[in-house]
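Can you build the whole structure from these sequences, using the hints too?
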Amino acid sequence: MNAAMTQDPILKISSLQKRYGDVDVLKDINLSMMPGEFLVLVGPSGCGKSTLLSCISGLTDISSGTIHIAGKDRTNDEPADRDIAMVFQSYALFPNMSVERNIGFGLEVRKVNEAEKKRKVAEVADLLKIEHLLHRRPAELSGGQRQRVAMGRALVREPKLFLFDEPLSNLDAKLRVTMRTEIKRIHQTTGASIVYVTHDQIEAMTLASRIVVMKDGVVQQIGTPQEIYNTPVNAFVADFMGAPSMNLMTGTATREGDHVRLQIPTPEGPPLELVDYGPGPKTLTAGGTAELIIGLRPEAMTDLGMRASGIDGRTLQSADCLLDVVEPAGADTYAVIQLGGTEAVARLSADAPVAAGQRVPIAFDLSKISYFDIASGNRI
Amino acid sequence: MLGRRQKREKWILLAPALAVLALITLIPLANTLWLSFTDTRISALPEPVHFIGLENYVYALTDPDFQDALFRTLYFTIVSVGLEGVLGVAVAVLLNQEFRGRTLLRALIILPWAVPTIVNAVAWRLIYHPDYGALNSLLFQLGIISDYRSWIGDPATAMNMVVLADVWKNFPLVAYVALAALQTVPEDLSKAAAIEGAGPWKRFRSITLPWIAGPLMVVMVLRTIEAFRVFDIIYVMTGGGPADSTKTASFYVYQEYFNYLRSGSGASYAVLVAGISAVLIVFYYSATKRQTAGGAA
Amino acid sequence: MKRSLVQSILLYGCALLLAAFTAGPLLWLAVMSISAPTDLTAVPLHWIPSQLDFSRYAALLSLDGGNGERFLSALRNSILTAGGATAAALLLAIPAAYAFSRRQASMVLLFAFLATIMMPPITYVLPLYSTFSSLGLLNHTVTLIIVYTAMLLPFATWLMKANIDVLPVEVEQAAFMEGAGTAYTIRQVVLPLALPAIAATAMLSFLVAWDEFFYALIFTNDLSAKTLPVAIADFSAGRVTDYGVIASVGVLATLPPAILAIAFQKFIVSGLVAGSVKG
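Chains as they are written, first to last, in the numbering used here: chain A, 85 to 464; chain B, 6 to 302; chain C, 4 to 282.
The reader is advised that the hints may include incorrect statements.
Chain C regions said to be covered by chain A (calculated; three or more residues, Cβ under 8 Å) [stated by the list, open to error]:
(1) 169–180
(2) 187–198
From the structure, some residues in chain A lie toward chain C, with a derived Cβ separation under 10 Å [as the list claims (entries may be wrong)]:
(3) S138
(4) E162
(5) A164
(6) R166
(7) I168
(8) A169
(9) M170
(10) A176
(11) L177
(12) M181
(13) F189
(14) G190
(15) V193
(16) R237
(17) L247
(18) D249
The following label-pair restraints were derived from C-beta to C-beta distances [as the list claims (entries may be wrong)]:
(19) K196(B) x P351(A): 45 to 51 Å
(20) E427(A) x I200(B): 44 to 50 Å
(21) T244(C) x L147(B): 24 to 30 Å
(22) T334(A) x P195(C): 57 to 63 Å
(23) G58(B) x G184(C): 49 to 55 Å
(24) G58(B) x R103(A): 50 to 56 Å
(25) L112(C) x E427(A): 55 to 61 Å
(26) I200(B) x P355(A): 54 to 60 Å
Just so you know, these hints were derived from the structure itself, not from any lab. C-beta atoms are modelled at their ideal positions from N, C-alpha and C, and glycine is treated no differently.
Structure representation (structure tokens):
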């Protein structure tokens, strides 16, 4: 821990801007990353994450700001001089070359001697379990094998920093899970520093040591997966990260002494009432009332109450809710409840004896409740 | 998108091609322009050269022979390209139908395109031969003519005979382009129109033709540019004759240069012809641009 | 939709007419080349030769005798000129096409390229003639190669650009990331991928150069440099009394481009298929 703190960041981006004509694609990006970190850039399409990666790689010029890699200013360096390697979305293997030559291409360009090159390629091939494919052409490989070759090409040069541009998006769902594990394993065994772009928040959660959530060219939040998941800085992050996403219900909060009374309107009648004994919304003064967005994840709305366990009336409170739609999903059953102007999802146990149209007690876990400002969407 | 080094590289990559084009086209073009303002002659001995301003142009623009040559070129261009267009589209429509032997016929019509221009000229010259030509013999044996004719020896028919030879060689290009465009016409569109009661001609006019108009336009303008500089076929078939009836603009300049050795005055004719070509090229550019813009939409 | 009998007759009638119009002149050229001279000067003509006479081909393809020497040296010159110019044009066109496709060289410049070859050759010919004359380069194969290179270059650049445009750009980016320079990337990555396009471009360029007449007419004057088109024009204009000889030369000059053209159609298709499989 102390050692890491005295180390230089492997990647440091300061005040980076990228404009195409009049359009600001990236706005004032600042981030820094320690050696061995697995940094995932995530966000909806068009958020600028791939452009940011391209800027780091040097394939795209930046409009202003600086990029330091391993302590050196690389802002104006060519991609080849930045001591980095990249795994492309389309793998970008050289179709006319064997797997062996593909992996060894960077060494070939750097005129590494033949024996050394062979040894390193063999080493990487062994790590990725593709020794038997070395003499094939990319066209003769499956998607997963191509993916491995692309990673091999990046690994063999032992660069300071690895860039992954949505590497799994071309694979089918099952293979994607396998390769995800594989990438995580490689990260653990090699200790490589990785910047990884994806639009898939599950990939981000499972792979990252830290996540950078982006939207419209602006970094929304940087944090560990737990931080991002539990304390999203705004409604966008809350909504984007996690599946199913956080329920964002509009309601009113009133600070009454040591607690905050929450009222969430329902379409069928009186509002749902909960009481938060935690700190509550920071901006809410004593006796004050405010309309705001109340965020609860589906797993904080359960059927524990029906099983009559753990309801303590403080962090776990029970309230009757009308189930609009019931969706069994194997391990869990999801129930949609009209709450606070949204279709809130509750995560019930698979065997919960419920049906659509029923009014059942739902247990609300208020320990992980979030509040957001209606106008700005920011956490309060 | 680009690194500074890559921007510099752009010019390194282009440099050899630019150098060759500058040497073989741009510098000669400028040179021709300069010549056109002088009284230079091609001569074994060095002769004094005088700058004479627009004198050559004044002469060229009032020269009735040159005007005739321009009109002949225009006639050749319009009739040739017009026939190639009509025949090309008709052939494309035919080759777009299902029938036995279609593949063979599609392959067959590439042959005129592959025949070298000079061989084409020579072959048709033989066919048009006044005494032993196949055309005379064929028409005579079919009873269409009663006397052998001198097809390219008669000023009244010579140009049209050259046109026929040119059309034979060049209609396949138009046909191939039109056929490729026809194959992209959605069948539903035609079917829908048929259900609405449109007859075949109406369907062709209001659906098919507009659909293929873009690419057709591009190839027709391209053919116009080529036809306007016609030289080879004239040189071999008629030598500009008889009685100058096939003397086109390029041929006129050629004679001014290499028969009369008047390079200054020849250059002014060349510049005028080049000017007309430049206008056609601008047309080609805008047709292509509209075509690529339409294709992207 | 089923065709009626009348429609069928009309369709096949048109097809036959087209076949006759297209093949007729060529067939007749071939027939003339193997007809006896007396058949060719009969009035009316003997359409079917009374005997097959291949002697003209034998004479044209042997070095003894004037016609054979004229033909064979012209054939050699044509192959050298068209081949040399095609190779040189591709060598220059590929980097230029790469600049247009991947380095954002201006499209206006590319159209300026194309415009230069669309201009009538009479625009350029006299200054070129004077220059080559003063350099003592008239009547040299290399002169024609230089001129044809410039003539082929814009078209070859255009074709290659269109083909490089559709190659996956990420593969090149990967090569740059791995440290390869542009020249190395073009050679090792782009060219192998563009091979079918290069072959197609080379064939078309070769055909254009093979067909060229105007510059060859003006820049050459004897056996050492005259190309086939000029030689054929000579045969035709000369006092050859046997039209069969002219026809034979025509047939021989048509064979290479005709064979290439028919093979070329298939090549385009197979090139596309190969390209998409490799994708």
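How the hints compare with the structure:
no., hint, in the structure
1, 169–180, "holds (count 8)"
2, 187–198, "holds (count 5)"
3, S138, "holds, 9 Å"
4, E162, "holds, 8 Å"
5, A164, "holds, 4 Å"
6, R166, "holds, 9 Å"
7, I168, "holds, 7 Å"
8, A169, "holds, 7 Å"
9, M170, "holds, 5 Å"
10, A176, "holds, 4 Å"
11, L177, "holds, 7 Å"
12, M181, "holds, 8 Å"
13, F189, "holds, 5 Å"
14, G190, "holds, 4 Å"
15, V193, "holds, 4 Å"
16, R237, "holds, 7 Å"
17, L247, "holds, 8 Å"
18, D249, "holds, 9 Å"
19, K196(B) x P351(A): 45 to 51 Å, "holds, 50 Å"
20, E427(A) x I200(B): 44 to 50 Å, "holds, 45 Å"
21, T244(C) x L147(B): 24 to 30 Å, "holds, 28 Å"
22, T334(A) x P195(C): 57 to 63 Å, "holds, 60 Å"
23, G58(B) x G184(C): 49 to 55 Å, "holds, 53 Å"
24, G58(B) x R103(A): 50 to 56 Å, "holds, 53 Å"
25, L112(C) x E427(A): 55 to 61 Å, "holds, 57 Å"
26, I200(B) x P355(A): 54 to 60 Å, "holds, 59 Å"
In summary, this structure violates none of the numbered hints.
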